[in-house]
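First to last, the protein sequences are chains L and G. Take 1 as the starting number for the first sequence in the working numbering and just add one per residue. Take 1 as the starting number for the second sequence in the working numbering and just add one per residue.
Calculated from the structure, these hints are not laboratory results. Incorrect hints may have been included.
Computed footprint of chain L on chain G, listed as stretches where at least three residues anywhere in the stretch have a Cβ under 8 angstroms from a Cβ of chain L [as the list claims (entries may be wrong)]:
#1 258–268
#2 398–408
Derived, one-sided and incomplete: chain G residues facing chain L with beta-carbon distance under 10 angstroms [stated by the list, open to error]:
#3 K87
#4 M91
#5 A94
#6 V97
#7 S101
#8 S102
#9 D189
#10 L192
#11 G213
#12 E273
#13 G415
#14 A429
#15 Q430
#16 T433
#17 A437
#18 E438
The C-beta atom is built at its ideal place from N, Cα and C for all residues, glycine as well.
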Amino acid sequence: MSLMPQTSLPPAADAPAEKSAPPARSLRVRRLSGRDRLVLGLMVGVPTLIQAVLVWIPTLLSVGLSFMKWNGLNLADIRPAGLSNYTYAVQDYPPFWPAVAHNIIWLAFLALVATPIGLLLAVLLDQKIRGTRLYQSIFFAPVMLSMVMVGIVWQLVYARNEGLLNNLLGTAGTPGAVDWFGDSGVNLWAALVATTWRHAGYIMVLYLAGLKGIDPSLREAAAIDGSNAWQTFFRVVLPAMRPINIVIVVITIIEALRAFDIVYLINKGTNGLELLSVLVIQNLVGVGQVIGVGSALAVILLLISLGPIVYYLVRTFRRAD
Amino acid sequence: MTPASPLDSRLNRRALLKGLGGATAAFAAAPLLAACSGGTAPSGTAGTAGTAAKATSLGSGLSDPVPRSAIQAMVDAYKAKSGATVKMNVMPRAQLVDNISSYLQSNPEDAITWFAGYKMRYYAAKGLLAPVDDVWEQIGGNFSEGLTTASQGDDGKKYFVPNYNYPWGFFYRKSLWTERGYQIPATFDAFLALCAQMKKDGLIPIAFADKDGWPAMGTFDYINMRTNGYQFHLDLCAHKESWDQQKVKDVFDHWKALLPYQDKAALGATWQEGARSMTGKKSGMYLVGSFIAQDVTDQAVLADLDFFPFPAIAVEGTDAIEAPIDGFVLSKRGGSNKAAKDMLAFFGSGAGQDAYAAKDPSNLQTAKDADTSSFSELNRKCAAAIAAAKNISQFFDRDALPAMANNVMIPALQGFIKDGTIDTRNIEAQAKTLYAAE
Chain L
1 MSLMPQTSLP PAADAPAEKS APPARSLRVR RLSGRDRLVL GLMVGVPTLI QAVLVWIPTL
61 LSVGLSFMKW NGLNLADIRP AGLSNYTYAV QDYPPFWPAV AHNIIWLAFL ALVATPIGLL
121 LAVLLDQKIR GTRLYQSIFF APVMLSMVMV GIVWQLVYAR NEGLLNNLLG TAGTPGAVDW
181 FGDSGVNLWA ALVATTWRHA GYIMVLYLAG LKGIDPSLRE AAAIDGSNAW QTFFRVVLPA
241 MRPINIVIVV ITIIEALRAF DIVYLINKGT NGLELLSVLV IQNLVGVGQV IGVGSALAVI
301 LLLISLGPIV YYLVRTFRRA D
Chain G
1 MTPASPLDSR LNRRALLKGL GGATAAFAAA PLLAACSGGT APSGTAGTAG TAAKATSLGS
61 GLSDPVPRSA IQAMVDAYKA KSGATVKMNV MPRAQLVDNI SSYLQSNPED AITWFAGYKM
121 RYYAAKGLLA PVDDVWEQIG GNFSEGLTTA SQGDDGKKYF VPNYNYPWGF FYRKSLWTER
181 GYQIPATFDA FLALCAQMKK DGLIPIAFAD KDGWPAMGTF DYINMRTNGY QFHLDLCAHK
241 ESWDQQKVKD VFDHWKALLP YQDKAALGAT WQEGARSMTG KKSGMYLVGS FIAQDVTDQA
301 VLADLDFFPF PAIAVEGTDA IEAPIDGFVL SKRGGSNKAA KDMLAFFGSG AGQDAYAAKD
361 PSNLQTAKDA DTSSFSELNR KCAAAIAAAK NISQFFDRDA LPAMANNVMI PALQGFIKDG
421 TIDTRNIEAQ AKTLYAAE
């Protein structure tokens, strides 16, 4: 990969070893003064500390608690539970498997519908059409709205009797009105449409940035070689955006795994809208707190999430080497 | 020109990792957060309690404007009467309810607004509340038998002083019923016949709403109490009885007879939408708490509302009523503060509760010597129903382990409403795990 400019890494980590090092090597090290080292130490140490306190220690504690039973009252009440929290989640907890299924549907929908729509919007708006800035802003607006706003907007659309959708269909107020949020056969799809509304704008912005970075001479060369617009896009432009594509794949997977807010706003993620993230929150926070089970669910979600994360990190770091 | 893309990807990677870390932290840290939050209660009340004998404090979860001003009026009345100082800490209701265990363990106020039921008995049994038997020596004569037993912990001591309550029952519009000639049904069969008649008349017989999951528990509570009796209901809620038995299946069999008459759109509707269906005369009646009056703004409609108790099914007639009681408990420290107990004794008197009700008339004072002259006809009826009841249940989410209500019953009942099936064996399996964790 000739694209990567760096040839060697400035090894800050070597700094402490300079005492007995041969002069030839320490020459480079000595360029770091004591203050440099202090600054570097702080720059590495503070984020590491924050990372440890806010991410790693709680993660490990959660993993530990997932093998315990605890009422959250007294540390002395913690009792070992073996794998029972996990068997409970997988065998006895009815919302678990629907949640897994919904997460998979969520992922499939984002990957097959929402992300392509975002790509399509990006390609369209990348053309020199008039008012492209305006359209970009409009499509990106949902990404910037607070979730409360999003909830209100979709309540207005989906409400059974007063909602826009049922009024357009002419079924509002009749027994035939579709209950978009209450009918467990349709509410997942209603939520997915609402999600697409946000997700597509996000993807669009990322792809627009990618498309701007494509060397126009690539297109010209393709055109000279006689390829049509379709071929140019799929054979030349899209492969040239490979780094963006990988980011988008990972973002899509992560978004599908941490989908939460929209279903929580609709009905707290019950009745056909169960998602793993919702179950974690339901069991860990507030009145429904069962610390052991909630932690077990969180660990399951963490393990699933680790898959794409590890894949992504391995890919990027391998390329960097 | 190409370097733009890798640079981009690197930036994105960073943003991505940051977001990812945050998400993981949020999930992972949740138990920790739950354990640390709620420790924000202002300290120093213990000190003042020691120096000035007449100082106490009240932690209140009544944060909505109307109840908030009402509780303030109640406290002001006590201050005026006793000359004591009372420090108030008003927090959002959800904050108090969700973090109660850490709140009680950290640095709580002397007195706390709380609820009767398992939610009270559980923390009393854990030693986090102070018994108030000496307060009850003063106020005991003020309360009915049902209220008295509802204030007891598992050890027979009193831990709770009632303030107000609100009954659940069938609410309906008198004008609609007289126009159609409907009669209040006393038995379940008469009730089903009435429902069939209403359906024939083109009404939805029973308004019903369960989008938020909890309202359907009212129906379950009543059918269970009417089928198996109050004590069984309480034991089932406390998981002293198994869910996997015929008695529980009977409850759902009875409910199945009702399902065709309950609003089909329940799962997408909030309780307020259910209320509007009934007040708009689209539905014949509505099983709901008397808080429905808060949602009715039209005075003419409000005057047209009436109420009847859930009809008898198998045992105990209509002896039991579902009437969640809100009131006060003392934290452990509050138990050693004379002023806090004085304040609770005042709250358990008619004078104290009248001060509250003057600002918030949608609830019913529980003390016998409270002034009921300002009651509306509906309020009077509700109060009479509670006074006549031998047993008072507190609503499922107060009578049972909160996690049981929230994590198990909501999905189970929503599933039942959807297709009429219920897996009592699975409910029992879940209950076992959840109650064992306590």
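Checked hints:
Counting residues of the region 258–268 of chain G whose C-beta lies closer than 8 angstroms to any C-beta of chain L gives 4; at least three are required, and the coverage claim holds. Here the region 398–408 of chain G counts 5 residues with a CB under 8 angstroms from a CB of chain L, which clears the bar of 3, and the coverage holds. A least Cβ separation of about 26 angstroms between K87 (chain G) and chain L goes past the 10 angstroms threshold, and the interface hint is therefore violated. A hinted interface residue such as M91 (chain G) counts as satisfied when its beta carbon comes closer than 10 angstroms to some beta carbon of chain L; here the least separation is about 14 angstroms, so the hint is violated.
For A94 (chain G), the shortest C-beta to C-beta distance to chain L is roughly 7 angstroms, which falls under 10 angstroms, so the interface hint holds. The closest approach between the C-beta of V97 (chain G) and any C-beta of chain L is roughly 6 angstroms, which is under the 10 angstroms cut-off, so the hint is satisfied. For S101 (chain G), the suggested interface contact is upheld, since its CB lies about 5 angstroms from the closest CB of chain L, less than 10 angstroms. Here the hint on S102 (chain G) is kept, as its CB sits about 8 angstroms from the closest CB of chain L, short of 10 angstroms.
Proximity of D189 (chain G) to chain L is violated relative to the hint, the smallest CB-CB distance being about 28 angstroms (cut-off 10 angstroms). The restraint placing L192 (chain G) at the interface with chain L is violated, with a minimum CB-CB distance near 22 angstroms, outside the 10 angstroms limit. Because the closest C-beta pair between G213 (chain G) and chain L is about 6 angstroms apart, less than 10 angstroms, the hint holds. Annotation: E273 (chain G) was flagged as interfacial toward chain L, and the flag holds, the nearest CB pair being 8 angstroms apart, inside 10 angstroms.
Interface restraint check for G415 (chain G): the shortest CB-CB distance to chain L comes to about 7 angstroms, inside 10 angstroms, so the restraint holds. With a cut of 10 angstroms, the hint placing A429 (chain G) at the interface with chain L holds, because the nearest CB-to-CB distance is about 4 angstroms. For Q430 (chain G), the interface hint holds, the least distance from its beta-carbon to any beta-carbon of chain L being 5 angstroms, beneath 10 angstroms. The closest approach between the C-beta of T433 (chain G) and any C-beta of chain L is roughly 5 angstroms, which is under the 10 angstroms cut-off, so the hint is satisfied.
For A437 (chain G), the shortest C-beta to C-beta distance to chain L is roughly 4 angstroms, which falls under 10 angstroms, so the interface hint holds. The restraint placing E438 (chain G) at the interface with chain L holds, with a minimum CB-CB distance near 5 angstroms, inside the 10 angstroms limit.
The structure fails to meet hints 3, 4, 9, 10 from the earlier list, while all remaining hints are met.
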